[in-house]
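K.L.:
With the hints as extra help, turn the sequences into a complete structure.
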Amino acid sequence: MSTDRKKDWKKIARANGLAIPDAALERIAQSLDALEAGFRPLARALPPETEPALAFHAALRAETAAVVEDAE
Amino acid sequence: MTLLEAAAALRRREISSVELTAAALERIERLNPSTNAMQTVMAEVARERAKLADQELARGEGRGPLHGIPIAVKDLFRTQGVRTTGGSRLFEDYVPDYDATVVEWLRAGGAVLVAKSGMHELAYGITSSNPHFGAIRNPWDRDRIPGGSSGGSGAAVAAGMVFMAMGSDTGGSIRIPAAFCGVVGLKPTYGRVSRYGAMPLAFTLDHMGPLTRSVRDAAAVLNVIAGYDARDETSSRRPVENYVPDPDPSIRGLRIGLPENFYCERLDPDVDAAVRAAFRAAESRGAEIVSLRVPDIEAINTVARIILLAEASALLEPHLEHRDLFGADVLALLDQGRLLPATDYINAQRLRRGMQREFAALWPRVDCLFTPTTPITAPRIGETTVAAGSENEDVRLAATRLVRAINALGLPAVSIPCGADRRGLPIGLQIVGKPFAEALILRVAQALVPAEVPVPPL
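Line by line, the protein sequences are chains A and B.
The first sequence runs 1 to 72 under my numbering.
The second sequence runs 1 to 458 under my numbering.
Since the hints were made in silico from the structure, they are not lab data.
All of these numbers come straight from a predicted model, not from anything done at the bench.
Please note that the accuracy of each hint is not assured.
SDA-like cross-link-like pairs, simulated, lysine to any residue; straight-line CA separation at most 20 Å [to be verified]:
#1 A:Lys10 - B:Arg323
#2 A:Lys11 - B:Ser313
#3 A:Lys6 - B:Thr343
#4 A:Lys10 - B:Glu317
#5 A:Lys11 - B:Ala332
#6 B:Lys434 - B:Pro239
#7 A:Lys7 - B:Tyr345
#8 A:Lys7 - B:Pro341
#9 A:Lys6 - B:Arg338
#10 A:Lys11 - A:Leu35
#11 A:Lys7 - A:Pro21
#12 A:Lys10 - B:Ala332
#13 B:Lys434 - B:Glu288
#14 A:Lys10 - B:Pro341
#15 A:Lys6 - B:Asp344
#16 A:Lys6 - A:Asp33
#17 A:Lys7 - B:Ala342
#18 B:Lys434 - A:Ala53
#19 A:Lys11 - B:Arg338
#20 A:Lys10 - B:Glu321
If you anchor each label on the Cβ, the simulated ranges turn out as follows [stated by the list, open to error]:
#21 B:Ala108 - A:Ala23: 48 to 54 Å
#22 B:Ile289 - A:Gly17: 53 to 59 Å
#23 B:Arg422 - A:Ala34: 29 to 35 Å
#24 B:Arg293 - A:Pro48: 26 to 32 Å
#25 B:Asn242 - A:Pro52: 32 to 38 Å
#26 A:Ala23 - B:Ser250: 57 to 63 Å
#27 B:Glu383 - A:Lys7: 27 to 33 Å
#28 A:Ala19 - B:Thr384: 22 to 28 Å
#29 B:Pro247 - A:Ala23: 56 to 62 Å
Backbone N, C-alpha and C define an ideal beta-carbon position, used for all residues, glycine too.
P.N.:
If you want it as structure tokens, here you go:
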């Protein structure tokens, strides 16, 4: 059973200095709550060794076209 | 007539590129007022290009099957000297000084670009009811949406304005309009087709691909646009194959996955029946149907939505001080993305990695999966909820429910027409393959689709 409290999107917007009108925040709160409810249990179950699906190449690929191999 | 049939007629000198281009422009002029499929028409430039193509063909300097063929590209592909709006007021006067790689390669293949097709604002939605440039209408029923975000491309191809229109797909934006408009829509593997010069929506989810009236046409276009491009950091070096299947290919012995969960839930009964008929058709051609359970697609959809919201908002945040320049639906999504913490984005990308591994475990058991492309057929313009099975569902979430996860997984998928509902609206079948299995899914698609898909009465 989840013990999560619903996030207060208005407070979060203000804390982040986002100029989102209250009416707009009220319209999106339900969507965000639903997304949060789906996502939070998934994030909580993540094994620590899982790395993100993002890649960074220290050398620009275009400059090293001859030597960089696909990881595929 | 399909693209490849037109190409053959051009080679035999039975028709000229000038004639094909004039016919395309005439059809656009006649049908665009009622469909709004095209954003910008490039009549003069197209006529000049067509003349050049005819001259080259006469000299025996053929550049391949696209040479002299009139096409369109979604209005997010940068085109040198031609306005590229992205369906947004932010870019309504933007004229790029270079071509997107896809445009460059299509031009090098001799294609004649006649128009830029309309789209959902910033490619961020599935209705293509653009608040700035007008709603795009489905040629099968002009009170209905064509799907999106590549709605203009889907409508233009279905209406026979062009032989092919390029689209982009971040959460279903090629496959949804293909399904709703009754055409073929191919989303290649992530990295197979360069994203360079296409206005991004979400860097790690965006895919580029064609919409056509035949499977072989889509494959012929992929032959031209696939390949390594150093200007796209995520471009693959894997060699390009010939993707064009035989006209009547064998699928005997291929193992087709029949998902027992998720993809068969909350479907319009007509969609359900049409997809089941597609399985029977494949089985009758010698394919083996393998029932299986797929990983938690709802979870992958959730992860894909987090990634999309975060990447799109990061990209467009500099413009958000001008809130009046955005449509309400797009603004709502951009606001949502700004409220997500960076940790959620990173964790979504970590979850994506695990889900990729989990899904890959299916491939030793099957060669491809069949699913409906969308659980519903084209909704009416302005509808915000639809009946999907026994439940009402938000139109955007319903339309993307069966396609979005495939973007997060980066897998190739093609949507092909597989019948019509009780109102005569097209139904789409999605065929999903393992990474870089474009040739296989196109072969299976070709085995199931008539040589040219039905065209609506116009």
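K.L.:
Now tell me if each hint is right for this structure.
P.N.:
Hint check:
no.: 1; hint: A:Lys10 - B:Arg323; in the structure: holds (18 Å)
no.: 2; hint: A:Lys11 - B:Ser313; in the structure: holds (19 Å)
no.: 3; hint: A:Lys6 - B:Thr343; in the structure: holds (17 Å)
no.: 4; hint: A:Lys10 - B:Glu317; in the structure: holds (18 Å)
no.: 5; hint: A:Lys11 - B:Ala332; in the structure: holds (17 Å)
no.: 6; hint: B:Lys434 - B:Pro239; in the structure: holds (16 Å)
no.: 7; hint: A:Lys7 - B:Tyr345; in the structure: holds (17 Å)
no.: 8; hint: A:Lys7 - B:Pro341; in the structure: holds (12 Å)
no.: 9; hint: A:Lys6 - B:Arg338; in the structure: holds (17 Å)
no.: 10; hint: A:Lys11 - A:Leu35; in the structure: holds (18 Å)
no.: 11; hint: A:Lys7 - A:Pro21; in the structure: holds (17 Å)
no.: 12; hint: A:Lys10 - B:Ala332; in the structure: holds (14 Å)
no.: 13; hint: B:Lys434 - B:Glu288; in the structure: holds (17 Å)
no.: 14; hint: A:Lys10 - B:Pro341; in the structure: holds (14 Å)
no.: 15; hint: A:Lys6 - B:Asp344; in the structure: holds (16 Å)
no.: 16; hint: A:Lys6 - A:Asp33; in the structure: holds (7 Å)
no.: 17; hint: A:Lys7 - B:Ala342; in the structure: holds (16 Å)
no.: 18; hint: B:Lys434 - A:Ala53; in the structure: holds (17 Å)
no.: 19; hint: A:Lys11 - B:Arg338; in the structure: holds (13 Å)
no.: 20; hint: A:Lys10 - B:Glu321; in the structure: holds (18 Å)
no.: 21; hint: B:Ala108 - A:Ala23: 48 to 54 Å; in the structure: holds (50 Å)
no.: 22; hint: B:Ile289 - A:Gly17: 53 to 59 Å; in the structure: holds (55 Å)
no.: 23; hint: B:Arg422 - A:Ala34: 29 to 35 Å; in the structure: holds (31 Å)
no.: 24; hint: B:Arg293 - A:Pro48: 26 to 32 Å; in the structure: holds (28 Å)
no.: 25; hint: B:Asn242 - A:Pro52: 32 to 38 Å; in the structure: holds (35 Å)
no.: 26; hint: A:Ala23 - B:Ser250: 57 to 63 Å; in the structure: holds (59 Å)
no.: 27; hint: B:Glu383 - A:Lys7: 27 to 33 Å; in the structure: holds (30 Å)
no.: 28; hint: A:Ala19 - B:Thr384: 22 to 28 Å; in the structure: holds (26 Å)
no.: 29; hint: B:Pro247 - A:Ala23: 56 to 62 Å; in the structure: holds (57 Å)
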